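With the hints as extra help, turn the sequences into a complete structure.
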Amino acid sequence: MNTENSRIEENEIDMLTLVSIIWKRKFLIAGLVFLVSLATVIYVVTQDNMYASTAVLKPVESASSPSLNGLGTLASIAGVSVSSGGSVFGDLSVLLNDRDFLAGFIKKNNLTKKLIEETAFLDTEEFKSNEKFYLSNLMKKNTSLFEDQTTKYITISFQNKNPAIANNVLSLLLKDASEVLRLKQLENVDERIANYKSEIDLTKDITLKSKLSDLVANLIQSKVLANADKYYGFSIISAPSLPDALDKVGPKRAQICIIAFFASMVLSIVGVVWYETLRKSKA
1 MNTENSRIEE NEIDMLTLVS IIWKRKFLIA GLVFLVSLAT VIYVVTQDNM
51 YASTAVLKPV ESASSPSLNG LGTLASIAGV SVSSGGSVFG DLSVLLNDRD
101 FLAGFIKKNN LTKKLIEETA FLDTEEFKSN EKFYLSNLMK KNTSLFEDQT
151 TKYITISFQN KNPAIANNVL SLLLKDASEV LRLKQLENVD ERIANYKSEI
201 DLTKDITLKS KLSDLVANLI QSKVLANADK YYGFSIISAP SLPDALDKVG
251 PKRAQICIIA FFASMVLSIV GVVWYETLRK SKA
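In this text, residue positions in the sequence shown follow the numbering used here: the first is 1, and each later residue adds one.
If you're looking for bench data, these hints aren't it; they were derived computationally from the structure. Bear in mind the structure is a predicted one, so any value in this text is a computation, not a measurement. Some clues are possibly wrong.
The list that follows gives simulated cross-link-like pairs (lysine-lysine, BS3-like), each with its CA atoms no further than 25 Å apart [stated by the list, open to error]: (1) Lys152 <-> Lys108; (2) Lys252 <-> Lys114; (3) Lys58 <-> Lys230.
Right, dumping it as structure tokens:
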């Protein structure tokens, strides 16, 4: 009991000491909090508004993998898979993390000066030596991709301080990403066709030749279907639109100011307590 009472008394003394230090340095703490809050307000006010252009995509069945009328087993025997595999969301995720694609996209569409306004930086050796890194990171930072697990619809957005640029970049991104996916799939189909034709040349079985020819015919048909739609692998449910002037997505000024206020208060209190404790230990 005596030990427990002693601990309680020590805790009470510690709390009283802490309160007395805070009260003693209240003006210093208030001053530090005020300065940090003021600096934060000035910072967030000077930051440009950010706007996001958004599109909603609906994945569609791959045109390059039509029904093969029960020929899947034969294709497996021939050593070639007829399944395209993957998903539109997965394919888009890979593309949006591909530095070569992202940097090439910006350069192909002449977006470098639109996305990087510090033109002087573009002429530096730092940028020239790491162009792919800076351009791809710029796209990664401002592009978001989300898949609804219930509907499987995909939401993709791009943000920029200029609403028109945000809308333009997203529209171009959907077009170029679709073309890359289309070309990659067509290359895959061409490879399958070549493999099947090779099997046709090697086999002497008339029945097998006929069935392999059916496989080739189906794959040739799939090439036509793959080029039929404007976008490959998805349809656009909600097209990219020009963001409204009031529809900004950042910076979250109020949230930043609140966080800065409480963070500065906690750090100020910790700082003065640490200073007083250190000063007393040296006395």
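A quick look at each hint next to the structure:
{"no.": "1", "hint": "Lys152 <-> Lys108", "verdict": "violated, 31 Å"}
{"no.": "2", "hint": "Lys252 <-> Lys114", "verdict": "holds, 24 Å"}
{"no.": "3", "hint": "Lys58 <-> Lys230", "verdict": "holds, 14 Å"}
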